[in-house]
Amino acid sequence: MQDDPVIRVVAKVLIPAIMLFALYVQFHGDYGPGGGFQAGVIFAAALVLNAVVFGLHRARQVWPMRYNLMGVSAGVVLYGGTGVWSMLAGANYLDYFALKADPKAAQHLGILLVEFGVGLTVASVMVALFFAFAGRLTHIRLVAKTAAHEATDSGTSRPGDAA
Amino acid sequence: MGMFAVNAFLLLLLAIIAVVALRVHRLFALVMLSGAFSLTAAAQFVVLDAVDVAFTEAAVGAGISTVLALATLSLVPREEKPHAIAPLPAIIAVATGALLMVSIGDLPQFGAADAPVHVHVAPDYISGSAEKIGVPNVVTSVLASYRGYDTLGETVVIFTAAIAVLLILAGWTRAPYRREDEDRDTQGTRSIEDKQEDAG
Amino acid sequence: MSEIAAHWNYYLVIILMMLGFYAVIARGNMVKKMVGLNIFQTSVFMLYISVGKIDGGTAPILTGDPASVYSNPLPHVLILTAIVVGVATTAVGYALIIRIYEAYGTIEDDEVAVLIDSDQDARERADAEPAS
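Sequence lines, in order, name chains E, Y and H.
For the first sequence, the working numbering gives the first residue as 1, with consecutive numbering after it.
For the second sequence, the working numbering gives the first residue as 1, with consecutive numbering after it.
For the third sequence, the working numbering gives the first residue as 1, with consecutive numbering after it.
Wrong hints could be hidden among the right ones.
Listed next, with one range per pair, are the computed distances between beta-carbon atoms [to be verified]:
{"hint": "1", "chain 1": "Y", "residue 1": "Asp-106", "chain 2": "H", "residue 2": "Thr-63", "range": "33 to 43 Å"}
{"hint": "2", "chain 1": "E", "residue 1": "Val-10", "chain 2": "H", "residue 2": "Leu-96", "range": "34 to 44 Å"}
{"hint": "3", "chain 1": "H", "residue 1": "Gly-64", "chain 2": "E", "residue 2": "Asp-4", "range": "43 to 53 Å"}
{"hint": "4", "chain 1": "H", "residue 1": "Thr-89", "chain 2": "Y", "residue 2": "Ala-95", "range": "21 to 31 Å"}
To spell it out: a stretch of chain H is covered by chain E in this simulated footprint if at least three of its residues, at any positions, have a beta carbon under 8 Å from a beta carbon of chain E; those stretches are [said to hold, decoys possible]:
{"hint": "5", "stretch": "60 to 69"}
{"hint": "6", "stretch": "73 to 85"}
Computed list of lysine-lysine pairs in PhoX-like fashion (alpha-carbon distance at most 20 Å, straight line) [said to hold, decoys possible]:
{"hint": "7", "chain 1": "E", "residue 1": "Lys-100", "chain 2": "Y", "residue 2": "Lys-81"}
{"hint": "8", "chain 1": "H", "residue 1": "Lys-33", "chain 2": "Y", "residue 2": "Lys-81"}
{"hint": "9", "chain 1": "E", "residue 1": "Lys-104", "chain 2": "Y", "residue 2": "Lys-132"}
I should point out that these hints are in silico values taken from the structure, not numbers from a laboratory.
Note that beta-carbon positions come from the ideal geometry of N, C-alpha and C, so glycine has one too.
Only chain E is shown next, with the shape it has when bound in the complex (with noise of 0.2 Å):
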């Protein structure tokens, strides 16, 4: 799949295109469907499609592993502090009203804080699962050639299994 020219030019005109309708999804969901958990989906599909046709390996180079876990915990981080600073505000846990002066926008803040920490948190929960399950196939494929590469070397190989 990665050799075929159609899919990758597809490929890359839809990933941004997929990347900006998950943003769209986070910020707009306060005034139509969507919010933190589909748009963190969304943006994970959108990675998960760079692996399949680029590669894992490109796709990790892009989004490092070390960004999921950073991401992952970002955003639960994020959702916990928004009711730690309502608590610092004065207020119960995850009572928006003292963010702000006024309790329209000070509700809007909170939600926005807390939609984000979702869609972090799903986003990088999402990408994580898919590298790790498609980490271990090429860890298994490589355990293969290795194996294949030790059975020419004792010569007791058939043509064609080092390819």
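Based on these hints, arrange chains Y and H on the given structure of chain E.
Same frame as chain E, but now just chains Y and H:
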């Protein structure tokens, strides 16, 4: 009536997909049917006015879930060992379904506006979302504001699941195999672990 | 008959639930069990969403029109988060299936059970023998 027809059609389609999924032995076909099931379920959710749920089901159930299942199938056998219909589980499943069907009779009529579930907190949420929160999408305001604790818990569950999968698959653990297991382990498994430690 | 007309949606959802439940408890293949679990799970979601539906209602996104009736948003919120949590737990299940296959070379649960039994027998025999 139109709604009845669309809804019944989608539910029948779902039942057909589920029956075929039970009978098919090739797991690739099974995973594709599972994706089709999720997509049809998403259409069903739109008919039942749950647009946010439909959105999520289409992205998660038909998208990511299928991708993960395909990634799994690239590592495990793709054929199921053929089975005859197992009588005891079939009896248990039918009996459970029959019990549920008997108790369904006590639920309020489908679509009734005066059902208890609709008169308790839902009107508060709908009016409060406009007056206090100022967010037109009631699902968002309930999710992130009224029930923020709930969503925080769900986010932590997803976080934990990711950590669990990484521990299981990505070779994060440094814990050595117990000595007695090591002799018994197949060569393949050991060398994969070694490779992962080198790479990870 | 009127009873069925009043609850037809719930009855169809329960038939789906039975199919999923059967796949979980009867099938030995673990991938099939996971798909069965997904069907079971989705039909439970559908039951919740059906409870929230109001005849003649629209999606709970406020339009500003005071006459409009909105379906109950609460089940939508619960199920929305449950779907995402569901896929996360499904991923843990698939990860375990991969590890089980790597350790036992099969994903049929009866074959795995046989292997575990023979493993345990071997261990007991090894324990019974005096250390040389």
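Which hint numbers does the structure go against, in order from smallest to largest?
5, 7
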